[in-house]
Amino acid sequence: MIIKRASEFKSSEITDKAVYLKRREFLKAAGIVSAGAAIPGLLAARVEAAAQKLQYIKNKKYLLDESLTPYQDVTTYNNFYEFGTGKADPARNATHFKTRPWTITVEGHARKTGTFDLDDIIKPHSLEERIYRLRCVEAWSMVIPWVGIPLADVVKRLQPTSKAKYVQFVTLHDPKQMPGQGGFLGGGLQWPYVEGLRMDEALNPLPLLAVGLYGEVLPNQNGAPVRLVVPWKYGFKSIKSIVKIRFVESQPPTTWNLAAPHEYGFYSNVNPEVDHPRWSQARERRLGDGSFFAPKRPTLMFNGYGEQVAHLYRGMDLKKYY
Amino acid sequence: MAQPTSRQLVLIKVTLFLAALVPLAWLVLDGVQGRLSPNPVEAITHRTGDWILNFLMLTLSVTPLRKISGWHWLLRLRRMLGLFAFFYACLHFTTYIWLDQFFAMSEVWKDIAKRPYITVGFSAFVMLIPLALTSTNSMVKRLGAQRWRKLHRLVYVIAVFGVLHYLWLVKSDIRLPLAYGVVLITLLVLRVPSINQRITGLQRA
Ligand code: HEM
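Going down the list, the sequences are from chains A and B.
Letter 319 of the first sequence, counting from 1, is numbered 319 in our numbering, and no numbers are missing.
In our numbering, each number is its position in the second sequence, counted from 1, plus 322.
Please note: incorrect hints may appear among the correct ones.
List time: in silico BS3-like cross-link candidates among lysine-lysine, alpha-carbon distance up to 25 Å [said to hold, decoys possible]:
#1 K432(B) - K319(A)
#2 K320(A) - K432(B)
#3 K436(B) - K320(A)
Which chain A residues face chain B? A few, computed with CB under 8 Å, are given here [as the list claims (entries may be wrong)]:
#4 D73
#5 T85
#6 K87
#7 A88
#8 W140
#9 G187
#10 L189
#11 P192
#12 A259
#13 R278
#14 R285
#15 F292
Because the hints were derived from the structure by calculation, they are not lab data.
Ideal Cβ positions, reconstructed from N, Cα and C, are used throughout, including at glycine.
Generate coordinates for the entire structure from the input sequences, incorporating the hints supplied.
As structure tokens, this is what we get:
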């Protein structure tokens with residue numbers, strides 16, 4: 001088993017990965033392979049990602065005084081319905097997901113539109129690590145060290161015009177690679193997955209276009225090769241495996257809102273005072289911090305990022321715009 | 323096995339009893355070995371919930387199976403199946419009160435009153451209690467067969483509420499609750515008098 005995984009690693013397309021990826025020596029990776037095999041839960045995806053260390057700077061402005069959710073938990077407990085609706089499905093079903101070559105098509109009200117290679121979009125920026133809380137709408141949370149670039153920088157470089165009031169994002173639609181998009185009822189969602197932000201939200205310094213976590217290339221189950229991270233909104237706003245960015249004039253449709261409009265709004269800001277119609281949002285369970293036999297912790301307004309984002313919603317009734 | 327001897331029946335019951343504890347053993351084992359996903363509370367709630375429904379469906383299968391096969395001794399297993407549904411319901415409820423809510427009783431009551439899926443789940447659990455309490459032979463005698471049978475028709479309501487509870491708690495993937503719904507509807511349809519007669523006839527013919 002170890003040998004099989006190691007050879008799989010050797011013959012994979014890692015070598016033609018982007019220039020910003022620094023390939024780790026084989027022996028070291030093989031060491032991780034065998035260590036990984038000793039722990040039954042560790043998955044092949046971990047093995048592949050282990051070879052792909054990123055070069056980045058740690059952004060000291062975005063640290064947290066909270067313990068990180070272990071890598072193992074972050075990469076085996078995922079909501080990524082494209083790869084199945086069970087939390088363990090993505091780690092299982094996304095191992096062979098092809099993340100290179102990868103292009104992003106930019107459309108709509110911007111000066112720079114067209115189809116760009118992902119690496120060309122990332123290259124002009126330097127990667128940074130930021131530690132963010134992630135609050136899922138299902139009332140659990142994690143603390144994750146993401147590696148990426150600020151969304152705002154990319155948006156500015158694409159030069160949206162004054163007509164661009166919102167930014168829409170679209171996930172890859174490829175039922176051959178994403179088994180959750182086919183089959184009976186397709187997990188109850190319409191594909192492709194779409195999300196959106198208001199322009200001022202997109203230009204806020206917080207949202208990241210993440211290409212990695214824990215210093216390594218983003219594992220497929222976490223939304224490789226590029227995903228959004230919007231830490232003050234429920235996790236489903238942080239769209240994964242992005243292939244399209246559209247600058248639009250009116251509020252774009254969003255997947256969960258289409259599925260259940262009275263349950264998931266366009267804004268979906270983390271808000272302990274506005275419950276999901278079917279469960280409370282007042283508290284959350286922090287995963288992987290050993291608090292199994294402990295009460296849940298209180299959820300913070302805007303997931304604790306009020307200082308940076310509360311002004312965006314001044315004067316808005318957040319019960320109405322949930 | 324048209325009619326097992328009483329010794330064989332004891333053996334069948336002991337086997338069934340042990341088999342019914344396997345899901346619990348499996349859960350404990352997974353828990354001890356840290357295999358309950360990064361969110362063990364959710365995993366325990368889901369597994370115990372699944373097994374309440376499984377045992378409710380098994381309990382409701384006894385009568386149709388007995389009619390179809392003519393194996394009347396199957397009836398002797400029904401009480402145990404029903405009690406195991408109750409057993410897993412107690413575990414499920416305890417998980418919710420203890421691990422999920424951590425005895426924040428004001429929150430629990432709010433949940434029960436406000437959240438339809440909890441309301442129906444809780445009602446189903448409360449209805450299971452009198453059925454469990456009146457499951458002994460002496461209680462059947464004390465109530466009289468007629469009244470006992472009437473009371474135990476609650477199990478149909480419990481099963482419907484259990485499936486509704488599941489249907490209302492999933493976010494968007496309703497495949498599993500639908501599957502349970504189909505099984506339940508089938509089991510209920512088999513009880514419609516005209517159909518009931520036909521399957522009983524099947525065996526005699
Ligand atoms: C006979 C009664 C009940 C049945 C048949 C039942 C069945 C189920 C089932 C099948 C699930 C989903 C399992 C899965 O996703 O795999 C579930 C989840 C759940 N049940 Fe129950 N249940 C019952 C009673 C209760 C009660 C009394 C409560 C609490 C007061 C409760 C609270 C929950 C919770 C909190 C969840 C998990 C919800 C989530 O993960 O979002 N249930 N139940």
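Checked hints:
{"no.": "1", "hint": "K432(B) - K319(A)", "result": "holds (19 Å)"}
{"no.": "2", "hint": "K320(A) - K432(B)", "result": "holds (22 Å)"}
{"no.": "3", "hint": "K436(B) - K320(A)", "result": "holds (19 Å)"}
{"no.": "4", "hint": "D73", "result": "holds (4 Å)"}
{"no.": "5", "hint": "T85", "result": "holds (4 Å)"}
{"no.": "6", "hint": "K87", "result": "holds (6 Å)"}
{"no.": "7", "hint": "A88", "result": "holds (7 Å)"}
{"no.": "8", "hint": "W140", "result": "holds (6 Å)"}
{"no.": "9", "hint": "G187", "result": "holds (5 Å)"}
{"no.": "10", "hint": "L189", "result": "holds (6 Å)"}
{"no.": "11", "hint": "P192", "result": "violated (15 Å)"}
{"no.": "12", "hint": "A259", "result": "holds (5 Å)"}
{"no.": "13", "hint": "R278", "result": "holds (6 Å)"}
{"no.": "14", "hint": "R285", "result": "holds (7 Å)"}
{"no.": "15", "hint": "F292", "result": "holds (6 Å)"}
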